Amino acid sequence: MKTTGHSLSDEMNMLRALAAAWPICLGYLAIGMAFGVLARQAGLAIYQIALMSMIVFAGSAQFIAVSMITSGASALSIIITTFMVNLRHLLMSSSLTLHLKGKNKAILSLFAYGVTDESFAVNLGKFLDGDWSLKDALVVNHVANITWIISTILGGYAGRFIPAGAFGIDYALTGMFLCLLVFQLRGRLYVLVSVAAGLLSVVFYLIIPGNAYVIIASALAATLGVAIKSWYMHKRKQGEEQ
Amino acid sequence: MTGEEYILCILGMGLVTYIPRWLPLFYLSDKRLPLWLVEWLSFIPACILSALIFPSIIINPDTGSVGFFHPEFLVAIPTFLFALKTRSLGGTVIIGMALFWLAEKFL
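Chain order of the listed sequences is X and D.
Taking this note's numbering, the leading residue of the first sequence gets 1055, the next gets one more, and so forth.
Taking this note's numbering, the leading residue of the second sequence gets 6, the next gets one more, and so forth.
Simulated from the structure, these hints should not be mistaken for laboratory data.
Take the hints with a grain of salt, since some may be wrong.
[Said to hold, decoys possible] BS3-like cross-link-like pairs, simulated, lysine-lysine; straight-line CA separation at most 27 Å:
1. X/K1159 <-> X/K1180
2. X/K1155 <-> X/K1283
3. D/K36 <-> X/K1283
4. X/K1159 <-> D/K36
5. X/K1157 <-> D/K36
6. X/K1189 <-> X/K1157
7. X/K1180 <-> D/K90
The structure displayed is predicted, hence computed values, not measured ones.
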């Protein structure tokens, strides 16, 4: 018997991608609702909240934008701040290209819309494990995107009925980042480099105003990683020659 | 901010958010990258995650300075160990939330 359209393996792939996406969705539900509550308190209409979540789709920048709107900032200064805050995605997309060689540019352009801290780390982990396609990654991005949009709208409507900090919801993203970091620690050098990134990030967080600390700390620590690796290779080569 | 200004503002925000996400995928996906760049990029995920996590757990949100006895930091230790042991993303999120909820209640 011939089935129309979807094959069984399509459905399996869909389930697999959904299984990868659900922890992101849980985190977004929490953060998205919190955002909806704040945006509503700042005087944004529900449709304005929904539009921002659709067009921007970037959690931290949206929070910052709302607080800037509340304090009467100009659109231009909000846009510039957003650019600074979200510049880190440049590094993430670059890192994802290693696994997306020669893919269709139109689909990559669609995929780019959904690159967030969370979807990036989940998809990258899956690519590294192997057996993960651009299609799976797209499903993760868009399921996360839809969850984000709906959660921010829900927060706008119903948030005032939910007490702040209920069920430890504020810790959902930290918990997720901690586990995603574990997936990335593939050897002693990675542990060393990521501890360096973390410590540098704390230092820059304390001394540089704004949100540049993530990018600067990451770029420096990754450079340190490359330097240590090439020094080590060089030394081993010398050892072999002697 | 008027309704029109708001629309312009989020369109601008959307554009400056999309471009850094899109540019590398569009221009680098069919190029051969030099080895040092590939290696550099392979460190980036771990670095970004650490750079996001460390300040959020080591800086005490109440004092704004480094501390080790507030719930954000204390809960991160068992949550991290749980992640190391189980490698379960969903489980780690749930454990982290539950421990943080308890810590906020009792600490």
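Structure-based check of all given hints:
{"no.": "1", "hint": "X/K1159 <-> X/K1180", "result": "holds, 21 Å"}
{"no.": "2", "hint": "X/K1155 <-> X/K1283", "result": "holds, 25 Å"}
{"no.": "3", "hint": "D/K36 <-> X/K1283", "result": "holds, 24 Å"}
{"no.": "4", "hint": "X/K1159 <-> D/K36", "result": "holds, 13 Å"}
{"no.": "5", "hint": "X/K1157 <-> D/K36", "result": "holds, 11 Å"}
{"no.": "6", "hint": "X/K1189 <-> X/K1157", "result": "holds, 11 Å"}
{"no.": "7", "hint": "X/K1180 <-> D/K90", "result": "holds, 18 Å"}
Going down the numbered hints, you'll see the structure goes against none, and every one checks out.
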